[in-house]
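Modelling step: build the complete structure from the supplied sequences, incorporating the hints.
Those sequence lines, one after another, are chains A and B.
Per the working numbering, residue 4 is the first one in the first sequence, and the count goes up by one each step.
Per the working numbering, residue 4 is the first one in the second sequence, and the count goes up by one each step.
If you're looking for bench data, these hints aren't it; they were derived computationally from the structure.
Partial chain B-side listing against chain A, Cβ under 10 Å, derived:
1. 162
2. 175
3. 188
4. 249
5. 250
A virtual CB, placed ideally from N, CA and C, is assigned to each residue, including glycine.
Number of protein chains: 2
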Amino acid sequence: MTYCVAVRVTDGLVLLSDTRTNAGLDNISRFTKMFTWEVPGERAIGMMCSGNLSITQGVMTRLAKAIERSADDPDVETILNADSIFRIAELVGEAMQAQQDRYRESIQAGGVGADAMILVAGQRKGGRHRLFMVYAAGNFVEATSDTPYFQIGEHKYGKPILDRVVTIDTPLEQVVKAVCVSMDSTLHSNLSVGMPLDLAVLRRDRFAFQVRERIGADDPRFQNISREWGGRLREAFLAMPDLVSID
Amino acid sequence: MTYCVAVRVTDGLVLLSDTRTNAGLDNISRFTKMFTWEVPGERAIGMMCSGNLSITQGVMTRLAKAIERSADDPDVETILNADSIFRIAELVGEAMQAQQDRYRESIQAGGVGADAMILVAGQRKGGRHRLFMVYAAGNFVEATSDTPYFQIGEHKYGKPILDRVVTIDTPLEQVVKAVCVSMDSTLHSNLSVGMPLDLAVLRRDRFAFQVRERIGADDPRFQNISREWGGRLREAFLAMPDLVSID
Numbered sequence: 004m005t006y007c008v009a010v011r012v013t014d015g016l017v018l019l020s021d022t023r024t025n026a027g028l029d030n031i032s033r034f035t036k037m038f039t040w041e042v043p044g045e046r047a048i049g050m051m052c053s054g055n056l057s058i059t060q061g062v063m064t065r066l067a068k069a070i071e072r073s074a075d076d077p078d079v080e081t082i083l084n085a086d087s088i089f090r091i092a093e094l095v096g097e098a099m100q101a102q103q104d105r106y107r108e109s110i111q112a113g114g115v116g117a118d119a120m121i122l123v124a125g126q127r128k129g130g131r132h133r134l135f136m137v138y139a140a141g142n143f144v145e146a147t148s149d150t151p152y153f154q155i156g157e158h159k160y161g162k163p164i165l166d167r168v169v170t171i172d173t174p175l176e177q178v179v180k181a182v183c184v185s186m187d188s189t190l191h192s193n194l195s196v197g198m199p200l201d202l203a204v205l206r207r208d209r210f211a212f213q214v215r216e217r218i219g220a221d222d223p224r225f226q227n228i229s230r231e232w233g234g235r236l237r238e239a240f241l242a243m244p245d246l247v248s249i250d
Numbered sequence: 004m005t006y007c008v009a010v011r012v013t014d015g016l017v018l019l020s021d022t023r024t025n026a027g028l029d030n031i032s033r034f035t036k037m038f039t040w041e042v043p044g045e046r047a048i049g050m051m052c053s054g055n056l057s058i059t060q061g062v063m064t065r066l067a068k069a070i071e072r073s074a075d076d077p078d079v080e081t082i083l084n085a086d087s088i089f090r091i092a093e094l095v096g097e098a099m100q101a102q103q104d105r106y107r108e109s110i111q112a113g114g115v116g117a118d119a120m121i122l123v124a125g126q127r128k129g130g131r132h133r134l135f136m137v138y139a140a141g142n143f144v145e146a147t148s149d150t151p152y153f154q155i156g157e158h159k160y161g162k163p164i165l166d167r168v169v170t171i172d173t174p175l176e177q178v179v180k181a182v183c184v185s186m187d188s189t190l191h192s193n194l195s196v197g198m199p200l201d202l203a204v205l206r207r208d209r210f211a212f213q214v215r216e217r218i219g220a221d222d223p224r225f226q227n228i229s230r231e232w233g234g235r236l237r238e239a240f241l242a243m244p245d246l247v248s249i250d
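Written out as structure tokens, the structure reads:
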């Protein structure tokens, strides 16, 4: 399984993913699920993947191959020369459709799911910063002010905290804290989501990532968030009045 | 969908269920999912159901019919004369197997799931207070000190708070608060779980429920828990240090 969350607030974009993949409980590996590209000063793009790893790796390879081909032939459209983030989401959707058309039937014949989802976030000069969720069918939806975040993978454990503290106006530092708490709740409850984590932050109108780092299991900042949150949650819980008194 | 949670701590048992059922999003109804029986001073039993409603209603009817038959024939074994809570879980499992044998195939032929689960909690004089989770196959597991609670239905949203605040030593009043916060998180995040709620509390060695009530959407105590928890959660969140500073 996987847990990836991306948030689009007024100030910019925040992406956080885990790195655990598994084919059954006895076959656990580590794969990056976050990919970023920058044309400094012009565009910055981040993607996160969940679902069948062969499908999403294939999508990423198709995007990379197009970039390679465009070196010789500038007419090849790629995520680095597409004229909007919307168009980039379409390119990801097209690569997804191509992968699904090629492999879905044979994957499913083996009793394995071919579903996959990709979050596409970024901004290019002249456009807004945007966040899309691309489905296995290649279609996609966009995050709005009403729902400023998307989750893919094992999303339920970490949803309540996002619903409580993230709005379109939340500052980026707080969004980072919120997605880390959301991830921490998921890590506590589900073994198929695991450290280390990949974090990326893109402030609006900068066209380069301000934060792009890996957070390891021994990272004192994440350990601190995890410990503090547990303690504060228990304090807040104990401070609330009882609902009933029991004889 | 459904959300039911039962907790077994040293002091006793707490059960909480929602009352929403749905067959698709456009066919939502209200059904009780919690059932209790008392032989005051001798035994008290509570059950909660999730999954296919025709299956679980059938199981409850089979248990009730046995009680009716035992009025004329004291040799009929029922949940009211069985000699242990373990044996009661077996009787529930047998009724579940009978329902599954009779309907599973035809239900599944219609493309509908026949899965169902039942939580069985209670104590009889001379025995311990116990909590079992009965599967669709009729087999069951028991809650222990390591994992003092079971959830059925839409359990993921409400799991992190239980993992953080409930242990085998938690007092009953706090357990009630914890399951209400857990339910509140689920209600916020999932439309298929809905008010009103059914709550039951059984203190150890009393053999009668101390609390057995319905909590309506307009219940000021639950509204208070929901509002206070939201506020305290945000406060705790804001008081935590930021993980990163962003240019």
